[in-house]
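Asker: Okay, here's what each chain looks like letter by letter:
2 protein chains.
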Amino acid sequence: MRQHVNVITLGVADVERAYTFYVDGLGWVPTLHVPGEVLFLQVGGGVVLGLWSASAMVAEAGPTAPASGEQGRAPITLGHNVADEAEVDAVLAAAAQAGGSVLVPGARRDWGGYSGYFADPDGYRWEIAHNPGLVVHPDGRVTIGAVGETDGTG
Amino acid sequence: MRQHVNVITLGVADVERAYTFYVDGLGWVPTLHVPGEVLFLQVGGGVVLGLWSASAMVAEAGPTAPASGEQGRAPITLGHNVADEAEVDAVLAAAAQAGGSVLVPGARRDWGGYSGYFADPDGYRWEIAHNPGLVVHPDGRVTIGAVGETDGTG
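Chain order of the listed sequences is A and B.
Heads up: the first sequence begins at 75 in this note's numbering, then just goes up one per residue.
Heads up: the second sequence begins at 75 in this note's numbering, then just goes up one per residue.
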């Protein structure tokens, strides 16, 4: 199995609500949008985020927990890296303005950087991070140096 | 906020069990491995998968549901596209050999392709798909044509 993810699919309660947040709110450009069914957004080289009707996900893939429920949020974080600490705070504010909810404000982290979290309208977590140890090279290769301790966030 | 995911972080019960599956079993190459804490694996242009100790995720990001529990599996699928139907079946078999569990065997789908699902040792779902409508271009751009109906899987 090649070491590649083509699609990160998240089950969403309402595809049009997700469209309002990601496309209208954040200004992202869809790869494909089938109203009420699915919204695909390119998020990396060879990689798209798929926001798919949760009921359709259950029908094809089997029983599926909610994005946010009594036990907490889904055990996933989508990490987005920015150039400096001020940009972390600016992106969190922009996400809140677009309809997201700030969960954890920007703060210095043990792993050597600065980050904060917001939730999208379904409750999926995004971490906005300034991590001087994570470098995306021009060819798309990522290197992560241990700056102090390291966590799972980049 | 730029349209990019740098890190797909999943909370895992045991980082070394994940290492055994992805590195020893599937033969993937780590970007960074801090034993017992985190394993990063490059999975796209500018994108890494981070398998992070679930307890550390909770401590930083707040209450987090399990990857697989009474309500079902986490509402995420990682999609991996291959060239033809036979390769779908071959990858599912290889994942099972490496310690994964086949959840849904390969089958023709309403959206025009062929796919099946396996779970990694934590229970996270991967879909192995042959989707003639999803094309990764040489520059990393992804296009998705509607081949019959479309779902969230690629």
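Hints may contain errors.
[What the hints assert, rightly or not] Simulated restraints on C-beta separations: (1) 157/A - 213/B: 37 to 45 Å; (2) 182/A - 207/B: 38 to 46 Å; (3) 207/B - 209/A: 14 to 22 Å; (4) 206/B - 136/A: 36 to 44 Å; (5) 144/B - 101/A: 35 to 43 Å; (6) 213/A - 101/B: 20 to 28 Å; (7) 90/A - 214/B: 38 to 46 Å.
These aren't lab readings, by the way, just hints derived from the structure by calculation.
Where a beta carbon is used, it is the ideal one built from N, C-alpha and C, also for glycine.
Asker: Of the numbered hints stated earlier in the document, which are not met by this structure?
Answerer: Hints 1, 3, 4, 7 not satisfied by this model.
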